[in-house]
Amino acid sequence: LTPETKNIAEGSHIVSIPEQVWINGVPYGLDQWENGSVDRVREINLATDMTITAHLRELSNHILSVSSSPVSGIPFTINGAPYNTPFSQSLLDGSYTVSMPAETIINGAKYRFLQWEDGNTNPTKTITLAADTSLTAYYVALRLIGLNAEPTRQVSILLDETEYITPMEVVVDEGIHTLTAPSSFVIDGATYTFQRWEDGTTTPTRIVSVTSDMTIIAYFTGAGATPVSFKLKPGIHKISVPEYVEVG
Numbered sequence: 138l139t140p141e142t143k144n145i146a147e148g149s150h151i152v153s154i155p156e157q158v159w160i161n162g163v164p165y166g167l168d169q170w171e172n173g174s175v176d177r178v179r180e181i182n183l184a185t186d187m188t189i190t191a192h193l194r195e196l197s198n199h200i201l202s203v204s205s206s207p208v209s210g211i212p213f214t215i216n217g218a219p220y221n222t223p224f225s226q227s228l229l230d231g232s233y234t235v236s237m238p239a240e241t242i243i244n245g246a247k248y249r250f251l252q253w254e255d256g257n258t259n260p261t262k263t264i265t266l267a268a269d270t271s272l273t274a275y276y277v278a279l280r281l282i283g284l285n286a287e288p289t290r291q292v293s294i295l296l297d298e299t300e301y302i303t304p305m306e307v308v309v310d311e312g313i314h315t316l317t318a319p320s321s322f323v324i325d326g327a328t329y330t331f332q333r334w335e336d337g338t339t340t341p342t343r344i345v346s347v348t349s350d351m352t353i354i355a356y357f358t359g360a361g362a363t364p365v366s367f368k369l370k371p372g373i374h375k376i377s378v379p380e381y382v383e384v385g
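Sequential numbering from 138 applies to the sequence shown in our numbering.
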């Protein structure tokens, strides 16, 4: 406790003061040391008698608010203590570390941390509370896309310029994505040509707005893959073929 006089050995020593000091029921914090330093922890090199003085200032309270978008109810911590968004509370001025989860599940839907309101993409941030402060953590929903191709199964499809071989399930952020199927390709001597997507789009590249889990199917037509011959008796015959067949 201050004031105090101690005899200690020459050399390097660490001196620190608590973040909050209560005097007669009033909270105080470090304003600065006698050398002008404002760090609560300092190192001194003792070579002669010296006097160390911590200048204090009375601490005030300010409101810290933490919200999340587009969903609320996300669990997070402030200095290790658990809370849920939205949060708003009057706290003593000082340093606070706010930690949001990188991923969380709300009402059965999975969300990924995107950024803070200031653009910071680290889900943990430390602030110095000296005025009313509002923080907003932005999340994006994660959705599952199933990529498939018919009639042949293993086809290279680009999703946002990343290659996937069907059939494949891919987790993506909710929002706009670009799909590109090959115009044509050859398997076992058979040439397959892109025909359409499951939604009727007839161009190999399409834009999709993902707002829920969805299944994507690219349809192809094949030629020259399997010659078929028949021996028929004279007369009228009806021949039909399936819309597509499984290959491989």
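Check the hints yourself; a few may be wrong.
What the hints assert, rightly or not - Okay, the calculated beta carbon distance ranges per label pair:
| no. | residue 1 | residue 2 | range |
| --- | --- | --- | --- |
| 1 | S206 | D176 | 31 to 39 angstroms |
| 2 | S271 | T342 | 36 to 44 angstroms |
| 3 | S293 | S227 | 18 to 26 angstroms |
| 4 | S153 | S197 | 21 to 29 angstroms |
| 5 | V175 | T342 | 56 to 64 angstroms |
| 6 | S346 | I160 | 18 to 26 angstroms |
| 7 | P238 | S293 | 31 to 39 angstroms |
| 8 | E254 | V163 | 48 to 56 angstroms |
| 9 | E306 | K370 | 15 to 23 angstroms |
| 10 | T352 | S225 | 18 to 26 angstroms |
| 11 | T273 | R177 | 25 to 33 angstroms |
For the record, the hints were derived by calculation from the structure and aren't laboratory data. The structure displayed is predicted, hence computed values, not measured ones. Where a beta carbon is used, it is the ideal one built from N, C-alpha and C, also for glycine.
- Query: Between S271 and T342, is the Cβ distance one that fits in 36 to 44 angstroms?
  - Reply: The hint (36 to 44 angstroms, Cβ to Cβ) holds, given that S271 and T342 are roughly 42 angstroms apart.
- Message: Quick check: does the Cβ-Cβ distance between E254 and V163 fall within 48 to 56 angstroms?
- Response: violated (33 angstroms)
- Task: Confirm or reject the claim that T352 and S225 have a C-beta distance inside 18 to 26 angstroms.
- Result: violated (42 angstroms)
- Message: Assuming the hint says 31 to 39 angstroms, is it satisfied by the Cβ distance from S206 to D176 or not?
- Response: holds (35 angstroms)
- Query: Quick one: are S346 and I160 within 18 to 26 angstroms, going by C-beta?
  - Reply: Violated: the Cβ-Cβ distance is about 60 angstroms, outside 18 to 26 angstroms.
- Query: Does the Cβ distance between E306 and K370 fall inside 15 to 23 angstroms?
  - Reply: Check failed, 50 angstroms falls outside 15 to 23 angstroms.
- Message: Does the beta carbon distance between T273 and R177 stay inside 25 to 33 angstroms, or does it fall outside?
- Response: holds (29 angstroms)
- Task: Starting from the hint 31 to 39 angstroms, judge whether the C-beta atoms of P238 and S293 obey it.
- Result: holds (35 angstroms)
- Query: Is the gap between the beta carbons of S153 and S197 within 21 to 29 angstroms?
  - Reply: holds (23 angstroms)
- Query: Honestly, do S293 and S227 meet the 18 to 26 angstroms range at C-beta?
  - Reply: violated (58 angstroms)
- Does the hinted range 56 to 64 angstroms hold for V175 and T342 at CB? For T342 against V175, whose Cβ atoms are near 57 angstroms apart, the range 56 to 64 angstroms holds.
Checked against the numbered hints given earlier, the structure breaks hints 3, 6, 8, 9, 10 and satisfies all the rest.
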